[in-house]
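Got chain A; can you put chain B on it based on the hints?
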Amino acid sequence: MTDIINPVALVDRSFYFIIGFSFVFLFAITLVMIYFVIRYRRSRHPKPADIRGNWKLETAWIFIPTLIALAMFVSGWQAYTGLRNVPEGALEVDVIAQSFSWIFIYPTGKETENELQVPVNTPVKLNITSMDVIHSLYIPAFRVKVDAVNGLTTYAWFLPETIGEYFLQCTEFCGVGHADMTGVVRVVSEDAFEEWVEEDDGW
Amino acid sequence: MTSFYQTPEPAGFAGIRSWLITFDHKRIALLYLFSILFWFLLAVTLGGLIRLELMFPGKTVLSAQMYNSVFTLHGVIMIFLFIIPALPAVFGNFFLPIHIGAEDVYFPRLNLLSWYLYMAGGIVAIVSLFSDGFPDTGWTFYVPFSISTNTNVSTAVFAAFILGFSSMLTGLNFITTIHKMRAKTMGWLQLPLFTWSLYATAWVQLLATPVITITLVLVVVERFFNVGLFDPARGGDPILYQHLFWMYSHPAVYIMILPGMGVISEIIPVSARKSIFGYKAIVASSLAIAIAGSLVWAHHMYTSGMSETAVFVFSLLTFVVAIPSAIKVFSWVATLYKGAIEMTPPLLFSLCFIYLFSVGGLTGLVLGAAGANIHVHDTHFVVAHFHFTMFGGTGFAFFAALHYWWPKMFGKMYDFKKAYIAAILVTAGFMLHYVPMFVLGLQGMPRRYYDYLPQYAAGNFFAGFGALCMIAGIGLMMVNLLASLTRERTAGTDDPWGGVTLEWTIPSPPPLHNFDKDPEVMDYPYDFTKVVAAGSGAASMDSETGK
Numbered sequence: 001m002t003d004i005i006n007p008v009a010l011v012d013r014s015f016y017f018i019i020g021f022s023f024v025f026l027f028a029i030t031l032v033m034i035y036f037v038i039r040y041r042r043s044r045h046p047k048p049a050d051i052r053g054n055w056k057l058e059t060a061w062i063f064i065p066t067l068i069a070l071a072m073f074v075s076g077w078q079a080y081t082g083l084r085n086v087p088e089g090a091l092e093v094d095v096i097a098q099s100f101s102w103i104f105i106y107p108t109g110k111e112t113e114n115e116l117q118v119p120v121n122t123p124v125k126l127n128i129t130s131m132d133v134i135h136s137l138y139i140p141a142f143r144v145k146v147d148a149v150n151g152l153t154t155y156a157w158f159l160p161e162t163i164g165e166y167f168l169q170c171t172e173f174c175g176v177g178h179a180d181m182t183g184v185v186r187v188v189s190e191d192a193f194e195e196w197v198e199e200d201d202g203w
Numbered sequence: 204m205t206s207f208y209q210t211p212e213p214a215g216f217a218g219i220r221s222w223l224i225t226f227d228h229k230r231i232a233l234l235y236l237f238s239i240l241f242w243f244l245l246a247v248t249l250g251g252l253i254r255l256e257l258m259f260p261g262k263t264v265l266s267a268q269m270y271n272s273v274f275t276l277h278g279v280i281m282i283f284l285f286i287i288p289a290l291p292a293v294f295g296n297f298f299l300p301i302h303i304g305a306e307d308v309y310f311p312r313l314n315l316l317s318w319y320l321y322m323a324g325g326i327v328a329i330v331s332l333f334s335d336g337f338p339d340t341g342w343t344f345y346v347p348f349s350i351s352t353n354t355n356v357s358t359a360v361f362a363a364f365i366l367g368f369s370s371m372l373t374g375l376n377f378i379t380t381i382h383k384m385r386a387k388t389m390g391w392l393q394l395p396l397f398t399w400s401l402y403a404t405a406w407v408q409l410l411a412t413p414v415i416t417i418t419l420v421l422v423v424v425e426r427f428f429n430v431g432l433f434d435p436a437r438g439g440d441p442i443l444y445q446h447l448f449w450m451y452s453h454p455a456v457y458i459m460i461l462p463g464m465g466v467i468s469e470i471i472p473v474s475a476r477k478s479i480f481g482y483k484a485i486v487a488s489s490l491a492i493a494i495a496g497s498l499v500w501a502h503h504m505y506t507s508g509m510s511e512t513a514v515f516v517f518s519l520l521t522f523v524v525a526i527p528s529a530i531k532v533f534s535w536v537a538t539l540y541k542g543a544i545e546m547t548p549p550l551l552f553s554l555c556f557i558y559l560f561s562v563g564g565l566t567g568l569v570l571g572a573a574g575a576n577i578h579v580h581d582t583h584f585v586v587a588h589f590h591f592t593m594f595g596g597t598g599f600a601f602f603a604a605l606h607y608w609w610p611k612m613f614g615k616m617y618d619f620k621k622a623y624i625a626a627i628l629v630t631a632g633f634m635l636h637y638v639p640m641f642v643l644g645l646q647g648m649p650r651r652y653y654d655y656l657p658q659y660a661a662g663n664f665f666a667g668f669g670a671l672c673m674i675a676g677i678g679l680m681m682v683n684l685l686a687s688l689t690r691e692r693t694a695g696t697d698d699p700w701g702g703v704t705l706e707w708t709i710p711s712p713p714p715l716h717n718f719d720k721d722p723e724v725m726d727y728p729y730d731f732t733k734v735v736a737a738g739s740g741a742a743s744m745d746s747e748t749g750k
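Protein chains in written order, with our numbering: chain A, 1 to 203; chain B, 204 to 750.
Heads up, a few of these hints could be off.
Using 27 Å as the maximum straight-line C-alpha spacing, the simulated BS3-like pairs for lysine-lysine come out as follows [claimed, not checked]:
id : chain 1 : residue 1 : chain 2 : residue 2
1  : A       : Lys56     : B       : Lys541
2  : B       : Lys387    : B       : Lys733
3  : B       : Lys383    : B       : Lys483
4  : B       : Lys383    : A       : Lys47
5  : B       : Lys720    : B       : Lys615
6  : B       : Lys615    : B       : Lys733
7  : B       : Lys483    : B       : Lys387
8  : B       : Lys720    : A       : Lys47
9  : B       : Lys720    : B       : Lys733
10 : B       : Lys383    : B       : Lys720
11 : B       : Lys483    : A       : Lys56
12 : B       : Lys483    : B       : Lys541
13 : A       : Lys47     : B       : Lys541
14 : B       : Lys733    : B       : Lys541
15 : A       : Lys110    : A       : Lys125
Okay, the calculated beta carbon distance ranges per label pair [what the hints assert, rightly or not]:
id : chain 1 : residue 1 : chain 2 : residue 2 : range
16 : B       : Gly218    : A       : Lys56     : 56 to 62 Å
17 : A       : Leu67     : B       : Thr210    : 52 to 58 Å
18 : A       : Asp180    : B       : Val264    : 14 to 20 Å
Some residues of chain A that are not near chain B, with every Cβ distance over 10 Å (derived) [unchecked claim]:
id : residue
19 : Ile4
20 : Val86
21 : Glu88
22 : Leu91
23 : Asp94
24 : Asn114
25 : Gln117
26 : Lys125
27 : Asp147
28 : Glu165
Hints in this document: simulated from the structure, not taken from any laboratory. Keep in mind that this is a model prediction, so the values were computed, not measured. Just so it is clear, CB atoms sit at the ideal spot from N, CA and C, and this is done for glycine as well.
Excised from the complex, chain B in its bound form:
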């Protein structure tokens, strides 16, 4: 059967150009995949530069001004161009329609427009680098500093503005698709959990993103017209900016993590050949995270000078939002109980995810507690905490998703042994990289410091060393995955893991029209009785050992 790679090309649009005008959700997903990988690797390099600079006291590889721009750029790229779009735009676009038995998303043209907006945003960010210097404000763009600095804040803010539209339109598309395009026999409680997590995410994208869009416009207005919205001398309030900023940016962390949780909820049951434990509880917790997560933004602001009542309320709500995340962790581990577990690269990444995300979540409790927060706020403790959740969480879920769906997207299998070595290298490097930062934070080392007091030298040295291990692991992983593309198509990639969701019922790579006959929807989405009856340990089709 011909796959979507062999789509007939319209006249005058041969080769790559046929991809640039495609409405096929699968092709758009791959456009996103390679553009997102580019940004990810660029931001990893920038992160490596930061750690290299901090590895030894004093000036080493960057000047102070460069350092400030590099950490800002690292944050802006990682947040707006990698973590927010990574899972929804790549794997959501590719698999959401297939998961619900649909031909495509509801608005295919809008989908392509979202990708163009994404690319435009990225290009504007790059342009700002080469004009007046990239902003040195941090990705948070706090006023009044972002208004008074001479660097090119307006262009960078405009890039984030465009990227916001891309994110919103993707969210809108997913919500509509899930409501209108489900296979006739598929009810809400037959949706795969990855789709559920995208549904919850899409609502947050749609409702919270306008807030940051408006806020960024206000910053630009201030820079050009100097209205005084945030200037207390003229009746404005700088803390207002922080509220507006976090009103989006805290819900945004759930935009980042929810799809990752969805990926893990797919991989764990398939690896264990056992139904997910507590399907409804996981669905409910996704929705609860989306709702409660939108009401905790000011826990970033305990030291800002806001009222003590606000601190009380936001601290309390923060502890409430911890519960649904805990429920998910318990459910994943309970799913493993009495399963028939086969170790595969996606499972190894998923287990690392559970561990690293738990560390991130638990240290978040320290930050949520009003008094304990004061000491570690804006220190390296916070840096370590959010890298554990965002990188150990979403990043590792992205790696897991890459290894899980790679054979489906390309019809080719990567080398297992190299994938395991990469996973171990990345995880070990990760721990050595970020654990010392917890200690540094408790010792009082602030974040965004170009240089530091002598007592912080040891921790920074170890962190730098860990960063190098981690980057080596990421490099190995990418080489291993991309090398598989040069091979012949691997046999047996239609369903290498024994999955039960609809993407595993169609060929790899999928045909242009996803389903040639109406998909057969199961009453319960994680019923493995047929897979178990068929019996084979299919994932032994590692490209090296077996075919």
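Excised from the complex, chain A in its bound form:
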């Protein structure tokens, strides 16, 4: 499974790229602003210069930020395509959202509520819809978020690489139980998953 690129890395790379530039920019602009206010205070610098513009400087600060912004756009788009292109051989799980819980249906017909169990190192594709109002499935650990809309099937995929428990939440406001519409994602070994998904637990 090493040939699959985990989109988590792409999303984080895009985030750090943008936020890194932003910190540098914010730091520079704030520092220069404070320096000017102190250096050119009226008591020390009573005669202002008459400068109304400088076309070279203005052109530079149009073009350079444009290039940086375009680079940011590209990084964001790469991460987005990573999140959208599902690799072959993914485990498909149907997800039905309702006020206020999540139903997961596995290929074997097994159903669970508010608990998504998946095998480690296998890409998982979620096919998502809603029974009523719009909900949104959010698994922060896997950078996955997609709206659940009645009458429409949306999808998302992720690659769980470490065994453990993660949490999922609803992120589209859906009413009084919105904040309670949470669940767990349980990443288990492949064997444990096989055994679990086959067993009949009375559903």
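Just chain B now, kept in the frame of chain A:
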């Protein structure tokens, strides 16, 4: 000279009643000022309640249903009754005609009607509170939830509908006024930048507001007649609603911020006694923001299930619209270079604006990037981002404008020391309030959550504490400003800052007829040579220290 406060009263309309039938743009502006301050303080209180509820896990001061109504009400009031009208309706009404050397706006009666519509909208919103409970949908009124919920969505939507007309008519009035009422010698490139920003804003108000008006009507139609416009089982589409909603509501954020940028473009050059850097670039960037900002609405919808092509296009356009905002920030800072800068309360608020708005703009880049957006969409990161732009931006510009134009509007000066303390308290509280929300969002805490997982407790506690500091600062600011009104008229308020736009050439408060002789229009609107030659540091006329 008698000011506009001493206007002769028509028979039977003494005192406050003479204000209710006034066509004077200055009186209408003050009607707006006090009604807007009322709504602002109410919504601040509601915001404080939200933070108080979230300060500790579990139920504290509100039930879940109440919490949902409170954040909806907070959003609806802040957006429709405070941020959208605040700068245009108060300072635009008061100063736009004076800035262009005019007697009044082009349609004075329409102007008064706009205020009545504004009040009617506010009253309808309040009425909906006491009928079947205020809606619990969020200010976005997303379908199908807004159609199926039992709360009183129709009344609240109707309030927003009425407020839309108020906003549109104000926009129409400003456009006409700027075209038809300019002093004969004033060309387009002699307009003050605040007026330019209002001009760009007015076009967006006029062209985008009808879209939300129609959309809100559709929601009401669905609630009463159940046509199925947004119901996929009957060929409708719930995502259509989101497109229609954001087609107005994204341009609306530029309705909110552009006048704020205009205010900063006035205060920075006056404080530095130096021409604004790149006048034409600032004008062009205002227009570019108005146009490009109308084409980016679907960046609110990357996770909605819309097509990937749409995500590509809207993400790209979003990065394009970032550039004109950056140009403005560069121009403001460059204006300070080699100026003769005097620190005053309006300048301090303006500098805080530049910092906070930059944070808001830069975190907006994270949200504009398609992939990075997915993780933080609809989380507290978004809440922090738009409060930095809307509150740190427009809110602080409103505070700056209040302190800058207060002596002109009332002929009275407030206490500087208290104004500085308030500014620092609000800014420090603001940072402590909203910075933890960025972290909470990155950790994955969704917005509009009544309760949260245990790992989010620390951030919410700090945010609540910051909110309390911020509210204390806002309280101090309001008390300081209002206390000045009880004082005797302060001498020297005609031109306390050394301004060059036309409002500083007339007395404070202005006479009923703005100009008793034709105003003298400068060839270049930010020429400070005369002010510098006159030489005095006039703003030392702080009400406590000097007179």
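Consistency of the hints with the structure:
no.: 1; hint: Lys56/A x Lys541/B; verdict: holds (18 Å)
no.: 2; hint: Lys387/B x Lys733/B; verdict: holds (23 Å)
no.: 3; hint: Lys383/B x Lys483/B; verdict: holds (22 Å)
no.: 4; hint: Lys383/B x Lys47/A; verdict: violated (38 Å)
no.: 5; hint: Lys720/B x Lys615/B; verdict: holds (25 Å)
no.: 6; hint: Lys615/B x Lys733/B; verdict: holds (25 Å)
no.: 7; hint: Lys483/B x Lys387/B; verdict: holds (21 Å)
no.: 8; hint: Lys720/B x Lys47/A; verdict: violated (32 Å)
no.: 9; hint: Lys720/B x Lys733/B; verdict: holds (20 Å)
no.: 10; hint: Lys383/B x Lys720/B; verdict: holds (19 Å)
no.: 11; hint: Lys483/B x Lys56/A; verdict: holds (14 Å)
no.: 12; hint: Lys483/B x Lys541/B; verdict: holds (20 Å)
no.: 13; hint: Lys47/A x Lys541/B; verdict: holds (8 Å)
no.: 14; hint: Lys733/B x Lys541/B; verdict: holds (17 Å)
no.: 15; hint: Lys110/A x Lys125/A; verdict: holds (16 Å)
no.: 16; hint: Gly218/B x Lys56/A: 56 to 62 Å; verdict: holds (59 Å)
no.: 17; hint: Leu67/A x Thr210/B: 52 to 58 Å; verdict: holds (57 Å)
no.: 18; hint: Asp180/A x Val264/B: 14 to 20 Å; verdict: holds (19 Å)
no.: 19; hint: Ile4; verdict: holds (16 Å)
no.: 20; hint: Val86; verdict: holds (13 Å)
no.: 21; hint: Glu88; verdict: holds (19 Å)
no.: 22; hint: Leu91; verdict: holds (21 Å)
no.: 23; hint: Asp94; verdict: holds (16 Å)
no.: 24; hint: Asn114; verdict: holds (14 Å)
no.: 25; hint: Gln117; verdict: holds (20 Å)
no.: 26; hint: Lys125; verdict: holds (15 Å)
no.: 27; hint: Asp147; verdict: violated (5 Å)
no.: 28; hint: Glu165; verdict: holds (12 Å)
Hints 4, 8, 27 from the list above are not met by this structure, while the remaining hints are.
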